[in-house]
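As a plain string of letters, each chain reads:
2 protein chains.
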Amino acid sequence: MLEPSTDAAPSYREAGVDLATADHIKRRLKEIVEPTLDDRVVTEVGGFAGGYDLALTTDTGSVLVASADGVGTKVLVAQLANRHDTVGEDLVNHCVDDLLAAGARPLFFLDYIATGKLDSEVVLSIVTGFARGCAANAIPLLGGETAEMPDLYPVGKYDLAGFAVGSMIARWGASENRVRIGDVILGLRSSGLHTNGYSLARRIVFDIAGQQPGDGVPWAETSWADELLAVHRSYLRPVESLLRDDGLHAAAHITGGGFAANLVRVLPPGSSAVIDRSAWTPGPLFDYLATVGDVASDEMYRVFNMGIGFCLIVAAERANEIARQCQASGEPALTIGEVVAGEGLQWA
Amino acid sequence: MLEPSTDAAPSYREAGVDLATADHIKRRLKEIVEPTLDDRVVTEVGGFAGGYDLALTTDTGSVLVASADGVGTKVLVAQLANRHDTVGEDLVNHCVDDLLAAGARPLFFLDYIATGKLDSEVVLSIVTGFARGCAANAIPLLGGETAEMPDLYPVGKYDLAGFAVGSMIARWGASENRVRIGDVILGLRSSGLHTNGYSLARRIVFDIAGQQPGDGVPWAETSWADELLAVHRSYLRPVESLLRDDGLHAAAHITGGGFAANLVRVLPPGSSAVIDRSAWTPGPLFDYLATVGDVASDEMYRVFNMGIGFCLIVAAERANEIARQCQASGEPALTIGEVVAGEGLQWA
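Same order as they appear, the protein sequences are chains H and Z.
Per our numbering, the very first residue in the first sequence carries number 15; after that it's consecutive.
Per our numbering, the very first residue in the second sequence carries number 15; after that it's consecutive.
Chain H extracted, bound-state conformation:
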């Protein structure tokens, strides 16, 4: 078998790419990834691509749904705090929530990690987060790519991308829009910023307020790292069982563009959402960002999720029952607004 050349100058290693470290990582990755696999996965870890047998999955339709995402500059908070095992979980949950918003339940996930210099511990910590997220959503980590890219990423910096494929369950998942005037909007709570608004949040917390990741927040016994790295929630548990319910007319994942843009995008032309902001309290993190950053309220709702990570648009006559079902699954659903004639978003 060929061995790495020792007399070549420059070798690939000297050019910044360390294939031996890559091999070491590959072996340990396998140990982390394998527990997420089940008998639907028909390929071994480390092949050219991952295989997943749909015939061994029950409760699927013929329509596949796929989503690609990143976690934005939340990765920079992880790097600043030197805590790398949560952003992978963020990304799995972000992708799963996008699938749910398209009316699909998740089947499998793949990751992409790019870094300036492969650091085994960091990469394995990131993949541990991916695996934890996959396990929590009961999907395999079917494949991925870890790329060492000197000159693009500085040492110690990395970016992540994630891809999830699901099976469409909800009939509104395709182009038909079932949302009607009079529908009720239920909101499910977020755990924090999820994966959006981090450029502004980092500027306010770290630049304007001069905080460090390990410093305590003013309103709790937690650190800024804890608050800003709180894991993006997966809404699989409460939402999955509703996907076959005709009373659920649409769903919105509150992500890039904040609360405002993501709710509006699922409304049909001629309809508007009236939101009662007194129906919930965004929470102290959002209050802090608005106050310390001197950010106007409309801008806050345009950038951040404001404490609501996922919205369900439901038939008015079914709203109470669906809210009770959510509650029964451990997920309180807040009635935050309704669909009216008009355009865009209005505040009650």
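For the record, the hints were derived by calculation from the structure and aren't laboratory data.
Treat the hints with caution; some may be incorrect.
Identical copies go unnamed one by one, so any copy, or any two together, can satisfy a pair.
To be verified - No more than 25 Å apart at the CA atoms, straight line, and that leaves these computed lysine to aspartate or glutamate pairs for DMTMM-like:
(1) Lys40 to Asp312
(2) Lys171 to Asp221
(3) Lys44 to Glu190
(4) Lys44 to Glu357
(5) Lys171 to Asp133
(6) Lys131 to Asp260
(7) Lys40 to Glu357
(8) Lys44 to Glu235
(9) Lys131 to Asp308
(10) Lys131 to Asp165
(11) Lys171 to Asp32
(12) Lys171 to Glu254
(13) Lys131 to Asp312
(14) Lys44 to Asp165
(15) Lys40 to Asp260
(16) Lys44 to Glu254
(17) Lys40 to Glu190
(18) Lys131 to Asp301
(19) Lys40 to Asp53
(20) Lys44 to Asp99
(21) Lys44 to Glu345
(22) Lys44 to Glu135
(23) Lys171 to Asp229
Model, not experiment: these values are computed from the prediction.
Dock chain Z against chain H, hints included.
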């Protein structure tokens, strides 16, 4: 509808994220992406996720195959040459070739673009490359994410990730390994470096030799940008029709790890590949890199594809016929070696 706040300080735009530019890009993206869609795509451009109806696709099995990839630091060559419309095509073809190597034909593709500051023309140029690659492989660009990440990527820099899903056709695609002692190895030519070895190639060409992307190469009327950005080939046309042929026992996409590692990974334990390097000429680009970079031959074969982008491992008694089929589809297949007892790779 909510409008961007004008009195907030700092606004999200001032923090480096320009949602208005993002909206402009989204509109033009739609025009570029829509021609790649067909009636199997059941969602509109811009939803939370893309939907693809398997029931409208003929000739598929139940096993989905998925691959995630990047193009390595080939993106830095694109950025240096200010030529952004080919790396997307590279990435689609890279993913398609990974699926083929797993015995699958491609169904759809999604992209991830991350950059420090959204430049409409650059992003649209990148997506034009993705769309061209998707069209050439007859698959839809089903979705994607374009992320503006100030502080992680400098202005003018970007990274790309791609994700393709296919349907497994070849029976050897799952774990069963059909490769036997005596099998013949056919090689299909690459167009250049494809997407691997760019850290070393950039160091040799730009640092050691001091070349600029617009400078001419010594062996042809082309520039370094032309040579180094030559598009990663898709082997869909010659390979797709062979996936149901029992004479094809395995396939290898020559990618990260170079010619040596990728051929070895498809061999069963106890078997080795004997390769006759006199069966083909890698070409002047590889000669230049070895000479100017003073890179030993084994290292060259460990880092670069050396002129062979894809290998077919075929039953000896079918080798001539399969090579003729490739030739008939416009793809010359070179007989470059055979499978023997042993381990790893040997040179004839």
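| said: Under the constraints set out in the numbered hints, which ones does this structure not fulfil? | reply: 6, 8, 12, 14, 15, 16, 18 and 21
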